[in-house]
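Turn these sequences into a full structure, and let the hints guide you.
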Amino acid sequence: MLIDERGMNSEHDMLSPELSSEALAKIDLEVAKYPVDQKQSAVMAALVIAQDEKGWLPKETIAVVAGYLGMAPMAVYEVASFYNMYDLQPVGKYKLTVCTNLPCALSGGVHAADYVKQKLGIDFNETTPDGKFTLKEGECMGACGDAPVMLVNNKRMCSFMLPEQIDKLLAECN
Amino acid sequence: MALIDTINPLLTTGWSKGDAGWSLKDYEARGGYAQLKRILANKMSSDDIIAEVKKSGLRGRGGAGFPTGLKWSFMPKAAPEKYVVCNTDEGEPGTFKDRDLLRYDPHSVIEGMIIAGYAVGAARGYNYIHGEIFEIYRRFEAALDEARAAGYLGQRILGSDFSFDLFAHHGWGAYVCGEETGLLESIEGKKGQPRFKPPFPANFGLYGKPTTINNTETFAAIPFILGMGGDAYLNLGKPNNGGTKLFSVSGHVNRPGNYEVPMGTPFAKLLEMAGGMRGGRQLKAVIPGGSSAPVLPAEVMMECTMDYESIAKAGSMLGSGAVIVMDETVCMVKALERLSYFYYEESCGQCTPCREGSGWLYRVVHRIEHGEGRAEDLDLLNRVTDNMMGKTICALADAAAFPVRGFIKNFRSEFEYHIEHRKCLVDPEVQRMGSGFFKAGAA
Chain H
1 MLIDERGMNS
11 EHDMLSPELS
21 SEALAKIDLE
31 VAKYPVDQKQ
41 SAVMAALVIA
51 QDEKGWLPKE
61 TIAVVAGYLG
71 MAPMAVYEVA
81 SFYNMYDLQP
91 VGKYKLTVCT
101 NLPCALSGGV
111 HAADYVKQKL
121 GIDFNETTPD
131 GKFTLKEGEC
141 MGACGDAPVM
151 LVNNKRMCSF
161 MLPEQIDKLL
171 AECN
Chain W
175 MALIDTINPL
185 LTTGWSKGDA
195 GWSLKDYEAR
205 GGYAQLKRIL
215 ANKMSSDDII
225 AEVKKSGLRG
235 RGGAGFPTGL
245 KWSFMPKAAP
255 EKYVVCNTDE
265 GEPGTFKDRD
275 LLRYDPHSVI
285 EGMIIAGYAV
295 GAARGYNYIH
305 GEIFEIYRRF
315 EAALDEARAA
325 GYLGQRILGS
335 DFSFDLFAHH
345 GWGAYVCGEE
355 TGLLESIEGK
365 KGQPRFKPPF
375 PANFGLYGKP
385 TTINNTETFA
395 AIPFILGMGG
405 DAYLNLGKPN
415 NGGTKLFSVS
425 GHVNRPGNYE
435 VPMGTPFAKL
445 LEMAGGMRGG
455 RQLKAVIPGG
465 SSAPVLPAEV
475 MMECTMDYES
485 IAKAGSMLGS
495 GAVIVMDETV
505 CMVKALERLS
515 YFYYEESCGQ
525 CTPCREGSGW
535 LYRVVHRIEH
545 GEGRAEDLDL
555 LNRVTDNMMG
565 KTICALADAA
575 AFPVRGFIKN
585 FRSEFEYHIE
595 HRKCLVDPEV
605 QRMGSGFFKA
615 GAA
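Protein chains in written order, with the numbering used here: chain H, 1 to 174; chain W, 175 to 617.
Just so you know, these hints were derived from the structure itself, not from any lab. It should be emphasised that the depicted structure is a prediction, and the values quoted were computed from it without experimental measurement. It is possible that some hints are incorrect.
[Stated by the list, open to error] Here are the simulated DSSO-like pairs of lysine-lysine, each with C-alpha atoms no more than 27 Å apart in a straight line:
| hint | chain 1 | residue 1 | chain 2 | residue 2 |
| --- | --- | --- | --- | --- |
| 1 | H | K132 | H | K168 |
| 2 | H | K33 | W | K365 |
| 3 | H | K33 | W | K251 |
[Said to hold, decoys possible] Covered stretches of chain W, going by a simulated chain H footprint (3 or more residues, C-beta under 8 Å):
| hint | segment |
| --- | --- |
| 4 | 355-365 |
| 5 | 500-511 |
A virtual CB, placed ideally from N, CA and C, is assigned to each residue, including glycine.
And the structure:
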């Protein structure tokens, strides 16, 4: 699987808050899952699609999503700020989220986070100066049997992340 | 891949081929969709199906253990618009069974949901899938496409009068959406803040319509129950604890993973199946039902069987079946600190006792762990939990309080040592090596 789905549409103007026609077509597929008078149900998926395209969620893009779904911008912002995996600030090309919850910690989750911090020279919620990596502390990802567990850019889960595997992953991220 | 072992495989029958056995073709080859076909061909009545599920003794596998057949029978018959919702927002620390169910056998959940739709008279369903397992969400969507193409979903299923469609909805990082009404709010495109109950979802659910919500594993069990009959399923377990159950075993065991065993299996047997204690170390404590369940000391846990009553009698909960195993290298204060941080982070903030209380719990446990505990802190923690439990809209406050009370009750002397000596009872180097992250001798 691709490590990075974000910013994949290279033709698209990343600086404009507008979404590409490809992104809107994806949102349409989500809207179709719900009753015709319940378009708002697609907001979570729409925000993910927007975040994938922009790399993060500027307020202007949130307003574009709101307009497209016929919602108040504040209602969309409430959703974007409630769920942990929406990025309301710019993040690095690779956002690494390490689970440090108890079941993961018993098998090295906290140590894995410390190891990544040391390797990248950053703390949680920081981005490397070259803009490549952002490190986040995550909560239970529902994969405790595979601990230590990390997410790359929200969508790719990496299991059994001992030092060797972390080294490999970091080398893979270019 | 999570290792598995099993006694009486039902739910895990399809897991043996790993990622190569999830497709419709594989599911049909092992008898999949036969129950749906039989129900439609015989025009089975809704009452007969619900009676069979009641007979099976199946109890909700998400954590609450509510009898499934009874829940289905609460759905009003006459309502024109009803929903079936599956809760795969699996975020209770320690729980990872539903992820593997959807990964290796998504069609069993789809068939279970279609049958539920038929039984309660719903024409539409949603499966809410934890945002962190996006690859699994994609697999479920692929399985839905297969089922739709084969005529198991959509208008007039298999030429019958019954129509039902099913869609996947993903979360994006909010533990509270595992609470059923928080989940419904989330599907409606809002913050996932739980609703006051009553009214219950059977009367006022998704979009305000009657809704049946069950856990993923509960739906997956339905085709098997109808296949073997409610009595036979019940007899696999023990009275009032029908069938088999998936247990997610994590922590200090040699083979963490999912294990399917009959309800009532001794904990000692489950531990043995999981390969025993890592490095042959001593068992110290077990959280038997997900992070919200009170922790039990080793000697108590070793006497328990894995069913609702035995674990409740020992002072904890079977919950979602997440068994977190801790050995002698664990500092119990640090363990509780991890959990308390989680509830503090995940409180949705709408109820004051939870929003404020979860922060107090974390901060006080944190200061004990960091050598700044005060003699009165243990009583303070218990007092804060008194002001949280039963005082909020949903059970998250209780879920934050239970571990604190359980840890203090069962390991009080270790907390007192920490406060008095301003350090862990367990040597930090021993703790460090306990996780298995560092190779022996490495810096």
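Quick rundown of the hints versus the structure:
1. K132(H) - K168(H): holds (16 Å)
2. K33(H) - K365(W): Holds. K33(H) to K365(W) sits at ~19 Å (cutoff 27 Å).
3. K33(H) - K251(W): holds (25 Å)
4. 355-365: holds (count 6)
5. 500-511: Our answer is that it holds, as 3 residues pass the Cβ test (under 8 Å) against chain H, meeting three.
In terms of the numbered hints stated before, the structure departs from none.
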